[in-house]
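*Asks:* Given chain S, put chains W, E and R in place with the hints provided.
Chains as they are written, first to last, in this note's numbering: chain S, 1 to 294; chain W, 1 to 321; chain E, 1 to 328; chain R, 1 to 322.
Source of the hints: derived by calculation from the structure; they are not laboratory data.
Predicted model, so just to flag it, every value in this text is computed and none were measured.
Quick reminder that beta carbons are idealized off the backbone N, C-alpha and C, glycines included.
Hints may be right or wrong, so weigh each one.
[What the hints assert, rightly or not] Among chain E residues calculated to face chain W with C-beta under 7 Å, some are: (1) 52; (2) 87; (3) 225.
Listed below are the residues making up each chain.
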Amino acid sequence: MNKIIGKNSLLKSNFLQLLFKKITPAKANSRVFTGLVVVLAITMMAITAPLITWYPPLKTLVGEPFTTPNNYYLFGTDDLGRDIYTNVVYGIRTSLIVGLSSVLIAVIIGTLIGVLAGYYRGLLEDFLMRITDMTLILPQFLLALIIVAIFGQNFQNIIIAIGIVSWPGIARMIRAEFLSIRERPFIEAAKAIGLSDIKIIFSEILPNAMPSVIPYVILQINAAILIEAGLGFLGIADPNVPSLGLMLNTAQQYLMNAWWMAVFPGLMLSIIVIGLNLLGDGLVEYLNPRLRKR
Amino acid sequence: MKLLEISNLVVYYSTLQSLVKAVDNISLEVNRGEAVAIVGESGSGKTTLALSIPRLLPDNARILSGSIQLHPEKIDLTKLSEKELRKIRGGRIGMIFQDPMTYLNPVMKVGDQIAESIVHHQNCSLKEARKKSIELLEKLKVPDADNVASRYPHQLSGGMKQRVMISIAISCNPELLIADEPTTALDVTVQAEVLELLKNLIRELKTALILVTHDLGIVAETCDRVAIMYAGKIVELADIYSLYKDPKHPYTIGLLNAVPTIKESQSRIHIMTGSIPDLTNPPPGCRFHPRCPYMFEKCMREEPPLINFNKNRYVACWLME
Amino acid sequence: MESHFSLKVINLKKYFPVSRGFFAGPQKYVKAVDNISFVVEKGGTLGIVGESGSGKTTLARLVLRLIEPTSGSVYFDNKNIFELNKHELRRLRPQMQMIFQDPMASLNPRKKVKQILAQVLKLHTSLSSEEIHERILSLLEKVGLSPPELFLERYPHELSGGQRQRVCISRAIALNPRLLIADEPVSALDVSVRGQIIKLLLDIYNESRGDMTYIVISHDIALIKSMCKNTLVMYLGRMVELGETDRIIESPLHPYTKVLISAIPIPDPESARERKRIPITGEPPSLIDPPPGCHFHPRCPYVMDKCRTETPSYFQVDDRLVSCFLYE
Amino acid sequence: MSPLISFIIKKLVQYIPMMFAVIIITFILVNMAPGDPTFILVGEVGDEEFVRAARARLGLDKPLHERFLIYVSNVLKGDLGYSYLRSEPVAKLIIDRIPATLLLVLTAMFFSALVGIIIGTIAAAKRGVLDISLSTFSLVGISIPYFWLGQIILVIFAVKLGLFPLGGMVTVGRNYQGIDHILDVIYHLVLPVMTLAIFNLAYTTKITRGSVLEALTQDYIVTARSKGLPESKVIFKHALRNALIPVVTYTGFNTGVLLIGAILTETIFAWPGMGSLLYDSIRLRDYPVILGVFIYGSIIIIIANLIVDILYGLLDPRIRVR
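Chain S on its own, in the form it takes in the complex:
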């Protein structure tokens, strides 16, 4: 399958060759590649949503309720006569926006805390890591759920809530990387030539931490998308924004007779997650120097 994608895709251009020019285990490489193709295709769908759909999202009675999939309504219609295909495409958009923006929040908080704890050590580290560990152990999903439940079910709150519950993992990861990299002799060498702390953090440590952090961040985007969908499935969502999870929530009541209401949104959600997992997992393997040696 990879071969076909590889041959047909426009992507096998300079960019990828640059990225993979070093010898890599073929398997990790092809997984990263497949993942990248899936993720880019989905992103394209999300960006071009208005061009590839025919009905406005969320609009009711664009067709008969409970229409089975046909040429006009590719994925059928739901209980209120909304076009499922349109809502799925816009739902992808929502998923990606939530994934990216909440992880951005998490990355900012996580990096700040991780860097402070990992570089400066001492009491500050103890304090920050205690907090991080405590937050990490809490059920992220339930925490996000009560935050949204308490502060109100709107899109913004959902993004913030997911961002707030996602940072501890990133903070831990960055701290761990800092701890191990700062013990490496080249950091000592940098100190010996008189480099300032800021320079050591940003030009010596951070670039070396990236290979471990990037795949993790990608997997974190995945987790964020799943949290959003899960919240939607429990009915915690902004009713004014199309959401794959919310669609599955509605579908639950009609599982006996309108299977398509559940199948298509869930399928799309699964594909996003598979793509991101492929990409993230592949990158973990690809960028892990210890595995690469084999």
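*Replies:* Just chains W, E and R now, with coordinates in the frame of chain S:
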């Protein structure tokens, strides 16, 4: 009396890009009770050679041709089935590895790790095996052996761990002991002690020893014969007295003088130029020629064979012709 | 007052606290460097020898103030470097440089040779980028990486072990330091390459014509013999003997030094087998709970009652200092 | 004190602050909420008399720090408020539901861990044979969201094929007793457990395989082979024992994921556990119950992590000593 006969052994590693000829057509004999050193730098193929005897090579290595015969039965270890070979590993051939920290199982008590081998080869109960393993440790002058046996590797010092490793290797009175850089991970004072133990042990058990090392100093004190390896080849083979007194191959000469010793004055450090060749693409002709001060035209074209020119001395160099 | 000492270390101590559990007793320390004093003249050479855990690397880091001491002082050109503020220290950095044990690990894997060297030069000089380029080329040439153009664009992993160590050396000497500390400069290298690096280091020293002070740290006293006039022997954080290298090797005074020297393998079978080795048992004890009194007493063949309780101070024997009651 | 016991006590001491953290976080969130926290602590209740009584009980008219103390002591006493809509104390409501949820979680965990470790180890030992199908299964298994997988399983096995019940924990209207009751529960348990276990199975298989592969590259494996041990012993005695350490960690870490999974799955199969309770409470805006589920859920996860930490110490002697 011959114990082991390696003839024309070729071992390759396949990496993602290419094939690496780690051991290239090597022949070597080891007699009963004899201590033979294989000396070389990293990438010389010395460890590969040692590991190919009990076939403990990593997955990507392949014995391409040649044979390794164990006397007196003349069984060819390269052709033996895994099952047959398992009787020999740990039974007739014991192994000691470089870093006792990583080569011992971190979640098993050291006594059990020794006993495991005894149970497997000697068909005795675990209880007996435990008793034997404590005796072994005592033989290796481990103080409080009873207590040490019930500890985990991380609770022991480097020297103690290496003694545990040696106990495992000799637990079934092997005919051949293969030690791969057994003291590199240890401090000088501890190294001296462990070597002393090892030396006495092989004398007492009449075990043959193959000592793989990069340190010619260690060899001088423990071995009877030396094989010097360079880039997958044996370049010189001699008994130690003549080797140290009168090294023949330019590489051996270089190696003997490459590091300062406490005996000599500062000026004697001899400098070998260049660095170790890349084995995926070794130099043609004599592999040492790019670094050799006596290199002449023939060396670049033709590979010198290992020629016997005097009793037990073999040298692979066109200068000897 | 003009002093001819380049480096003066006085009662230097570094204790690392040991983190213990909730139910542990009083706070314990690893005394990695325990009350060490020495001087090195301007242009002098000092070897620090010791086994793993002797604190020799910690001592080197302290002398460069890469870590802060528990107490004590280091005078570099009559200035106590521990009293300098961040800014002053950074200005002093080019004067004192270090070469590390593992050249691969001490180079940033994501930087090219060119960038590694340019970083140092940019930080401490105001040279233009052309001048920097020129300097880099001449530096590489100087450490034997020629033609230098060949190495500019390479990453550390694209170099051999010896070449990497040459890059490290060129970084260390880029700003003409007056103190160069080499921490096990050859132990990570292949035997046949070691000679080249030792020679390079000696050449650099000789070329400086008495401007540069050398400190070489190693577990291998033979290496130190080939490079340093004086030697300091360390055991478990303490200095046990200090004196001229050749004299120490010829007639070691401290029992530990004796043991150490007799343990070194000699690549000559005849003398190796004749040699009488001083029997020693046991291993260096744990740094967390070192034995009381003289740290070496449990392994010492000449142990006396006193050694078990009292810590010997330094006794002068000829021109040497030794910390052993045998010389009281 | 033996090192193991002091290790366990040390762990207990470490985990107690986490429990407090849960309570503190809940308190902070409630008090940061826009509008009147009464709303959240008491619920959307019409009855003014009830609200006034509740406000007094919770000390909502008192200053913040006093309110905090009241809140903490209430929670520690097990008083999580009162669900007006269901006319029952929240704590009782939740505690009644916990066994059903745990039954689901533990059954799924047990099966997936058992099968996953076996398959994963075999896959690592016999590389190549199973690799592609297994990695595909792992990928898909990890990626499909529980709530959708549950729906699909329900549609296929219950709606279309009619093999299993549509939902619930027991057949309604038949009061089975004894063994029949147990069989009936198992019959109802199959689909939700399947939903939950697929993810965990995929994950455990993947982790085990990677971990065993990693262990097989370690030096001590060469030592084990040099003793002449048969490959089965090398793998199961030497490699797996070491490889289990990360597997246990991940399994522990996954308890949280699994609990959330159970909550979502219960909704689909009308399984009478915490999840169904949560789902209904969200629809009815029964805030005290939602908060209660959060607190109890967190505590379950904290306890699970504690257990894993202790297991970890049992498996790895290096951890215990430090």
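*Asks:* Are the hints correct? Go through all of them and say.
*Replies:* Quick rundown of the hints versus the structure:
| no. | hint | verdict |
| --- | --- | --- |
| 1 | 52 | 6 Å, holds |
| 2 | 87 | 41 Å, violated |
| 3 | 225 | 6 Å, holds |
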